[in-house]
Amino acid sequence: MKPDVVIARFGELTLKGRNRSRFEKRVLAQLQSLLANVPQLRFVPEFGRIYVELHGASAEPVAAALDKVFGLYSYSPAFVASLELEAIQEKAAAMFAALPQRPRTFKVAVRRANRAFPIDSQRMNELLGGYVLDHTPGLAVDVKSPETVLHVELRETRALLYTDVVEGTGGYPYGVSGKAMLMLSGGIDSPVAGWLAMRRGLEVEAVHFHSFPFTSERAKEKVADLARVLAQYSGGLKLHMVPFTELQTKVHEAYSGNLLVTVLRRAMLRITERLAEREKALAVVTGESLGQVASQTLPGLNASRRAVQLPILQPLIMTDKRDIIRMAQQIGTYPISILPYEDCCTLFVPPSPSTNPNMRVVEAIEHRMPWLPELIEQAAAGTETMTVTAQRQTDELAHLF
Amino acid sequence: MLYLDYAATTPPYPEVVEAVREVMVRFYGNPSSIHRIGMEAERLVIQSRETIAGILRVKPAELIFTSCGTESNNLAVKGAALAARNRGNHMITTPIEHASVSESVRQLESLGFRITVVPVDESGAVRLDKLEEALDAETVLVSVMHVNNEMGRIQPIADVARLLKAYPAALLHVDGVQSVGKLPFSPAELGIDLLSASAHKFRGPKGAGFLYCREGVRLEPLLAGGGQEGGSRSGTENVPLIVGMAKALRMATDRLDDAIERKRLFRAVLAEGIASIPELRLTGPTDGEGMAPHIVHLTFPGMKSEVVVHALERHGYFISTKSACSSGEEKPSGTLLAMGFDKPRAVSGLRISYPEDYTEDDARRFVTALRDVVAELRPMIRKSKQAGGSPR
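Residue numbers (my numbering), protein chains in the order written: chain A, 585 to 985; chain B, 29 to 420.
None of these hints come from the bench; they were simulated from the model. Note that the structure is predicted; figures quoted are calculated from it, not measured. Treat the hints loosely; a few may be bogus.
With beta-carbon atoms standing in for the labels, derived distance ranges [what the hints assert, rightly or not]:
(1) B:145 / A:668: 50 to 56 Å
(2) A:863 / B:252: 46 to 52 Å
(3) B:60 / A:840: 32 to 38 Å
(4) B:248 / A:601: 57 to 63 Å
(5) A:670 / B:403: 58 to 64 Å
DSBU-like cross-link-like pairs, simulated, lysine-lysine; straight-line CA separation at most 35 Å [what the hints assert, rightly or not]:
(6) A:763 / B:87
(7) A:691 / A:652
(8) B:158 / A:675
(9) B:371 / B:359
(10) A:586 / B:359
(11) A:586 / B:158
(12) A:675 / A:586
(13) A:586 / B:87
(14) B:411 / B:371
(15) A:586 / A:652
(16) A:728 / B:193
(17) B:193 / A:691
(18) A:804 / A:763
(19) A:834 / A:763
(20) A:691 / A:728
(21) B:193 / A:905
(22) A:675 / A:763
(23) A:804 / A:834
(24) A:652 / B:371
(25) A:905 / A:804
(26) A:822 / A:834
(27) B:87 / A:822
(28) A:675 / B:193
(29) B:359 / B:158
(30) A:586 / A:609
(31) A:804 / B:193
(32) B:87 / A:905
(33) B:87 / A:652
(34) A:728 / A:609
(35) A:822 / A:905
(36) A:675 / A:728
(37) A:864 / A:804
(38) A:609 / B:87
Beta carbons: idealized from backbone N, C-alpha and C, even for Gly.
Chain A with its partners taken away, still in its complex shape (with noise of 0.2 Å):
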């Protein structure tokens, strides 16, 4: 027994004020271009919800595809009945006996949205409870703590019932809130970074350094393909790959103390600063964590963050490692950061890097670099842009497959 419809619900909070439908709009959109391989899909959008009408498609790929929309509160994939209650009788019997883990106890919970239904909701969930506590063998009411409830909608023009409701991902509708940099390095926490922004309605372009011959083309790829799990949530995603070979270099020549992380942390926020100016943005997102290695301490992220004007968002600051590998197992990238192929960050790092810089010294090595400023345009200049979708984009090997 397939469902007829899965209803997906806002957040309360998006519901307020004149953003609301912008939010819907931003939602179907996303929601449609996920599902355009889906034809017979119809998307009824009503007062804080979206129906998908399922019209014989199987609910799995739609359920897949609200996973990855930012700013629903939950969805759920029902069962639709004609207004009378005979019918909806037969459609939540049926539905009972096809659930797949048949449960021990049940309730009914009736909300009569149209007031026209002759019968009232308490008549409602009387008149629905006997009827399947009759039709299935070994079910007891339970009103307390079921194992599952039936939850029936008496709408305008049908009936829906339901018993599953799935937690959706929150926050808010992809890029409502506006567009930020994200520094993304190949490691777990970055990633993890842009889609806690992400799920906070920023639209993020990605930011990736890389020093080849020193970094390999693979450290590359395998940026693209974090980028690629994050455009499964935005329906794409820029990315900025940005040739640091030649900056890190002449910095290392120059000096090679114990604040060299510091100095070249700092020439690679300029260059984000640099492109977020370009594409309008208006905040630089880092996936670092307080205390983690040495430039994240708070002397450390004192110094690198003076460098630039913009602000720059932490979404991680303040989270454990084990809780941030965590949330990069949910959204999937974590298989991906884990591979071995190192960026530029581990790139000539000093024997022991400094956890305490000192503004000043800083400041004092930077001034002895007079062509720091005109290598960071250049590396802003010679940045490389693609965009990145979910789907590996079709290639001349396509035809292979």
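With chain A held as given, fit chain B onto it using these hints.
Chain B in isolation, oriented as in the chain A frame:
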């Protein structure tokens, strides 16, 4: 001539042959090499994995590429049982499994595993009540094939998976060699933990197969070495054949619903024809309920099946006795005996298997040839007291 032994092996799609050739010529790199040429080869393996994962609605990391269905079955059965040894030493299987499963099980038995072989009913379906009785807290693996390679019965895998829910330690392995690319299903949605497949059964190249291994299921590798395939199957990836397998599965599943419908029509003509020849007995119901669409099985009590195969060959039709792997012996089929067939039927099994592009006219011409062959052989039918008296 009409090749009617698609369950033994299939001719690869011409597009698959072309793709394999192109990859052999252009992308000879070792996927583990760190330079560009290695990376290009690795890209093809990744793309193949994503293609197959997309079709099966599973995660790419859940697929292990192997050399064939036999290897997939060996890795699933022995790999899972050995990795689960500290959790229990009991495993369950059926009497109708492919030799690569039943022989692997026998090896495990000699290593001290306790084995229960759950019977099948007369239709060839595993007895769920007996399976439920056999399950206990020590059970670490249940191996049940999806579509029987000999007579085409579809096993109630979803029901088996449901029974296993109460035994979280028990993994479900399904030999899907005759179902992947033939039936629409997702192992994840059916509740399967391990699923074996073989490329040459769905018009891919010989020498390639895969094992779906649900995330979190541990396997003891059978091939130790360089740690390819997530450490579960070492050995340099066979890039051209892996690409060919992905393409073949994509092509086989692109119009699967239509293919099944066409095979069902072909099957219906055969079933009706066989029913109209009194010497022959169709295995399973005439309407094909519960049977795979691409296999028809029948018996010719009193006639050695080999003789029928050779007689049909003279008319230009190529069919099979039992499964190709065990042909040539005059032993009764273990599968048919397990279904309660008597000896005269169990030694006279014949299998016809076909693709979707054969027409109903092809089927009718074959039935005519079959009728002629039966007429030729009629004087030589060995009379037996039991002949024809087997249970339905």
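We went through each hint and held it up to the structure:
1. B:145 / A:668: 50 to 56 Å: Once the Cβ atoms are compared, 52 Å apart, the range 50 to 56 Å for residue 668 of chain A and residue 145 of chain B holds.
2. A:863 / B:252: 46 to 52 Å: holds (49 Å)
3. B:60 / A:840: 32 to 38 Å: holds (33 Å)
4. B:248 / A:601: 57 to 63 Å: holds (59 Å)
5. A:670 / B:403: 58 to 64 Å: 60 Å Cβ-Cβ, so the 58 to 64 Å window holds.
6. A:763 / B:87: holds (31 Å)
7. A:691 / A:652: holds (31 Å)
8. B:158 / A:675: holds (33 Å)
9. B:371 / B:359: This hinted pair holds, its Cα atoms lying about 9 Å apart.
10. A:586 / B:359: violated (46 Å)
11. A:586 / B:158: Measuring from Cα to Cα gives roughly 30 Å; hence the hint holds.
12. A:675 / A:586: holds (12 Å)
13. A:586 / B:87: With Cα atoms ~24 Å apart, residue 586 of chain A and residue 87 of chain B stay inside 35 Å; holds.
14. B:411 / B:371: holds (13 Å)
15. A:586 / A:652: The given pair, whose Cα atoms are some 22 Å apart, holds under the 35 Å limit.
16. A:728 / B:193: holds (26 Å)
17. B:193 / A:691: With Cα atoms ~24 Å apart, residue 193 of chain B and residue 691 of chain A stay inside 35 Å; holds.
18. A:804 / A:763: Holds. Residue 804 of chain A to residue 763 of chain A sits at ~23 Å (cutoff 35 Å).
19. A:834 / A:763: holds (32 Å)
20. A:691 / A:728: With a Cα-Cα distance of about 9 Å, the restraint between residue 691 of chain A and residue 728 of chain A holds, given a limit of 35 Å.
21. B:193 / A:905: holds (33 Å)
22. A:675 / A:763: Violated, at roughly 47 Å.
23. A:804 / A:834: holds (22 Å)
24. A:652 / B:371: With Cα atoms ~58 Å apart, residue 652 of chain A and residue 371 of chain B exceed 35 Å; violated.
25. A:905 / A:804: holds (24 Å)
26. A:822 / A:834: holds (28 Å)
27. B:87 / A:822: Judged against 35 Å, a Cα distance of about 25 Å means the pair holds.
28. A:675 / B:193: Given pair residue 675 of chain A, residue 193 of chain B holds - Cα atoms ~27 Å apart, limit 35 Å.
29. B:359 / B:158: holds (27 Å)
30. A:586 / A:609: holds (28 Å)
31. A:804 / B:193: violated (42 Å)
32. B:87 / A:905: Satisfied, since the Cα-Cα distance of roughly 25 Å is no more than 35 Å.
33. B:87 / A:652: This hinted pair holds, its Cα atoms lying about 16 Å apart.
34. A:728 / A:609: violated (38 Å)
35. A:822 / A:905: Distance ~27 Å between residue 822 of chain A and residue 905 of chain A Cα, so the pair holds.
36. A:675 / A:728: Judged against 35 Å, a Cα distance of about 24 Å means the pair holds.
37. A:864 / A:804: Holds. Residue 864 of chain A to residue 804 of chain A sits at ~25 Å (cutoff 35 Å).
38. A:609 / B:87: Holds, at roughly 31 Å.
In the structure shown, a violation is registered for the earlier hints numbered 10, 22, 24, 31 and 34, in ascending order.
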